[in-house]
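Sequence lines, in order, name chains A and B. The first sequence maps to residues 0 to 320 in numbering that gives the first Met the number 0. The second sequence maps to residues 0 to 336 in numbering that gives the first Met the number 0.
Derived by calculation from the structure, the hints in this document are not laboratory data. There's no promise every hint is true.
Quick look at which bits of chain A chain B covers, simulated, 3 or more residues with Cβ under 8 Å [said to hold, decoys possible]: (1) 112-125; (2) 132-140; (3) 251-262.
The structure displayed is predicted, hence computed values, not measured ones. Ideal placement from N, C-alpha and C gives every residue a C-beta, glycine not left out.
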Amino acid sequence: MTTATTPETGAKQQGRLSDLMQRRPLLVLTAVWIVMILITGAIEPNYLSYGGMRNMILFAAPLGIMAAGQTILMLTGGIDLSVGMIATAAAYVAAFQDAGWIAILLGVAVGALAGSANGVGVGVFKVNPLIMTLAMGTILLGIFSALAQTAFKGSSSPTGFIKAIGTDWAWAVWVLVAIFVIFMLRRTGFGRLLYASGDNPVAVRLSGVRLWQVHISVYALAGVFAAIGGMMLVGRTGAVDLSLAVNFLLPSVAAAVIGGTSIFGGIGTYSGTIMGALILSVLNSLLGFLQVGQAVQNIAYGAIVLGLSWLYASTTGAGRR
Amino acid sequence: MTTVTTRPQEERKTKFQVWRSRHGWTAGVWLLLIVLVAWYAALLPKFGAFQINSILKNSLPLVFLAIGQGVVVIAGGIDLGVGSMMVLANSVAALLMEGQPFAMTLLIGVGIILGLAAMNAVVGWIVSVSGVPDIVVTLATLFIYGGLALLILPGPGGGTSEGMRWMFTGSTSGVGTNFWPPMIVLLLVTVGVAWFMRRTRPGLSLYASGSDLNAAYLSGVNTKKSKVLSYAISGGLAGMAGLAVLALTNVGDPRFALAGQKTLESVAAIVLGGIALTGGVGSIVGVVAAGIIVFFLDLLLVAIGLDSNTSQVVQGVLIVVVMMVAGLLEVRRRRLE
Chain A
0 MTTATTPETG AKQQGRLSDL MQRRPLLVLT AVWIVMILIT GAIEPNYLSY
50 GGMRNMILFA APLGIMAAGQ TILMLTGGID LSVGMIATAA AYVAAFQDAG
100 WIAILLGVAV GALAGSANGV GVGVFKVNPL IMTLAMGTIL LGIFSALAQT
150 AFKGSSSPTG FIKAIGTDWA WAVWVLVAIF VIFMLRRTGF GRLLYASGDN
200 PVAVRLSGVR LWQVHISVYA LAGVFAAIGG MMLVGRTGAV DLSLAVNFLL
250 PSVAAAVIGG TSIFGGIGTY SGTIMGALIL SVLNSLLGFL QVGQAVQNIA
300 YGAIVLGLSW LYASTTGAGR R
Chain B
0 MTTVTTRPQE ERKTKFQVWR SRHGWTAGVW LLLIVLVAWY AALLPKFGAF
50 QINSILKNSL PLVFLAIGQG VVVIAGGIDL GVGSMMVLAN SVAALLMEGQ
100 PFAMTLLIGV GIILGLAAMN AVVGWIVSVS GVPDIVVTLA TLFIYGGLAL
150 LILPGPGGGT SEGMRWMFTG STSGVGTNFW PPMIVLLLVT VGVAWFMRRT
200 RPGLSLYASG SDLNAAYLSG VNTKKSKVLS YAISGGLAGM AGLAVLALTN
250 VGDPRFALAG QKTLESVAAI VLGGIALTGG VGSIVGVVAA GIIVFFLDLL
300 LVAIGLDSNT SQVVQGVLIV VVMMVAGLLE VRRRRLE
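Looking at chain B on its own, in the form it has when it is part of the complex (with noise of 0.2 Å):
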């Protein structure tokens, strides 16, 4: 919406309002972060590279979760079933990669990532022929996946290899101070889809469909065909979002809670990270460092001294608060055009 519009107004404005109005909300998320942290660090007696590694390879599954989520929310939809298709991808790893050498649990996983992001374009596909909202649509597929996860996976177990747990934690036994390979794992992923969604011809129609799916239609973007590449997307970042999960506690875990509780956690990093839930407005670079904020807060109520109960309320209302605050600041821009 604002970042293409040219109001006659704005031409007066100097360099750094530009910069500004553009990128003030995600560099002011990186600097939340950083403060958190820097507060997480005077907290501990010790602050090094173990630290960074924890939360670093935490924060993979709901990153990508929210990447996904924000790619969605951007071309105008929102996707209920991440959570879900998380742990399916999980429940499917573990239950596959118990016992196979690093290569196959390689394939596995590639398998695992194309194979959801064909099923949810298919989601995406029935948004956009059926006249459904998206609403109601992915909230039906995030009790289809869960049921999905239930049923290949009864219960806890499975596992998967060193070389996969290697990848996503920095070390084979998901403990260690190696924080390198998540953080390569998590760049690559945010300058891959960064660079897609600004730099690209169907990554910049995705901001069109969302910004305004008629006058999008109108200008020759094949709106439909956005709205499967979004979903696609969310759904491959799922399934990477379940393989960082399974490399982290090495069993794979269909409970259905798990996946209500990070739908809603990718939404409010979303929200945090800067993209209007109207859809056409945000950057995936806002996100990445809302989504490390959102796992964050976690370790710091824990560091506080709250137990995990009351942190959970805690984390809770901040995300309401933080909703309250966006949904302020809308109310206010609106009344301000």
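Bound-form chain A, shown alone (with noise of 0.2 Å):
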């Protein structure tokens, strides 16, 4: 990150707390996980049980695995704002096919190949990320009303493969996924790329490497996290439509965000975003129990995501500037 400078981000005082934050995010991270599932428990003592854990996980893990996407986008300085109907037109692609190979398959094309327009968007036009990302969710919307017309009228079958995925064996799914994400940031040079094409692109773009295949194949391969998560989404509930993936867009930022990634990009681990969507699942399920409805549900993402980012500039001093 460029050095803090100015009065307004260097001379804030470092408490305890923060001092833990900065040194042990991940530790202060399951402790609020922990602290929050006891909550919950106390409050409906039935989620303290195999089911409950369960609900944890079916929830956690299409969001994780969607929030892996963003993790590595905002390492490079980027975001995706289309991963919710990314996943939606996987899932009304998959959920429509005989076959369980082939309906994965073409599910994980839609979404390299949305995700590699996105990508073209903004690593050879330069379109700002965000527009870009918005603008392709408001294209599939458009295609995917029509094709819901036509082509994937009534009711959907997901095969059995897509419902194991979706419940059973949704944990394996998250753990594949979290073991190549981290794998690939750690031990690989493409993941130190992310890292590097984030916290200093003309750097990287001065020894000699070309960011628009970078972009291309992050935001493809975003693309393909989203349009897991997609599938596995349409294997739990069993049927698809237009809003199946709507209320994972702002979570699956704010995963990535409770976890410590930086939206300026350089900075952020996967397992951080881990916890942020096992500590958003528990939340989740509590605001559910309390039965507060969609308005506040929006309301408290916006509100964490808001203070969270707050908490991270002050405590890191990694705002702008």
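Hey, can you piece these two chains together into the complex? The hints should help.
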């Protein structure tokens, strides 16, 4: 990051908690997670059971996988506001196939295609990632509103395999994705390139990296993750509609932000995002038990994103300039 | 950026070249609007006061949002919450104004505009003190304002007075041929904001902050105040947009999908209108034409014979294409400099 020089962010007093946050963020996040589980359990004792934990994973797995895409994008300084629609699109395509593997392949292909299109816009044409992905969401919504009345009419029947990855094997899919992402970010040159291109794109470009190729591949990968998340969702619900993954957009950003990934790029880990997804999953159950409705949930998610990014900006001093 | 720097080779330019580099984009956008309207007029069997009224009143909400977005972007930020603020204003107004006399609704309207301006000023303050980027803060407010709207008005409902409807649509029933009231409202807001941005000290300080925050700070501009001011203006204008929507439909609609859509359209409109997302460059006058165009595309695409889903796809693709062209121009300009 650039050095903090302005008086606003420079002279914040560093308390013990913020010190701990800085050095052991995972520890703090795990503590928050456990406390939230206990609070939820106190309100609804049934939550502290095998069924409750299973529900937590069933919600957290697709969210965590979509947030994996969001994390690697935010590392490069990007963001994807079309995750919800890409997930829905992949779910539509996959849910109307008969053969298991073809369904998965087609769904992944949809994600890769839409993601690559995002990447071309951002990497080659230098469109603001926010605008590019918002517009991609609108385009996909239009396409699938039309398709839902023609090609994808009637009730869908996801294959047994899709149902399995949405329910009983959701944890396994998430573990695979997590191993892949963590290995990629820590152990491969591509992973280091992601951190570098978010940290200092000019330096990366001057050292001979073709940034547009990095952008296209990372957006395509994020699209694939969104597609996997979408197929898991339809596997769980069994039916697909246009608002299938709409409520996963802000939580996917929030999970990465809670996990300590900086929207400026260059800072963040996937393990943090995993904790973020788990915390949001508990919060989702908690808000569900309290029966507050979608309105309060939206306000709560918004307030969490705002509050936590404010906290991170002030504790790490990683605010802009 | 380009408006203040004086490069040596610029002195050799003719007057026309200077005018073109300063106002060329704005003039081009207005020309594009005129061409599109002429095309639309040729497609229809009859084009008269009714069509002009329809274009003007229906594009008012987006134009207000785009002007507000434009002010924030010129000042170096971006406000993703404008769409939600419009929906919130629309819901609150519909709830409070139903069955009230005109004077009362006018008072409520002014109250909503000032209230949203104050609320969004707080958002601007948060952006300036927290060090969290504008995009993240306003992505959060997009959901917070949207949630508030749903909380206040759980489903479509409410209404407004006939006078209010006349003010923004030119008729007490919302359908008519009198296009003067919406045009006068549009002109007042445009001229007011454009004059403020170009001719007053606080307005120019917005350009300065957006162009180079550090340089503006070092030359004595209160950059924190600029940020708060720009967000207050976008809040107030989003409030007006909400009232205009209510006047059009006579019903409050808290749907969240609308908020995201309108936010996207407002950003598309300012980019088409010649405002650089990097801040400090562009004019409000161009944004007005661009806002009308972005709404107008919908009418035009339907007039050509596309259904609404296809027209949504085409509109999205067009927005992306405009952004891509703007991006390429920006890359080319940077290479030249």
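Tested hints:
1. 112-125: As far as the stretch 112-125 of chain A goes, the hint holds, because 3 residues have Cβ atoms under 8 Å from chain B.
2. 132-140: Since 7 is at least three, the answer is holds.
3. 251-262: With 3 residues closer than 8 Å to chain B, the stretch 251-262 of chain A meets the three-residue bar; holds.
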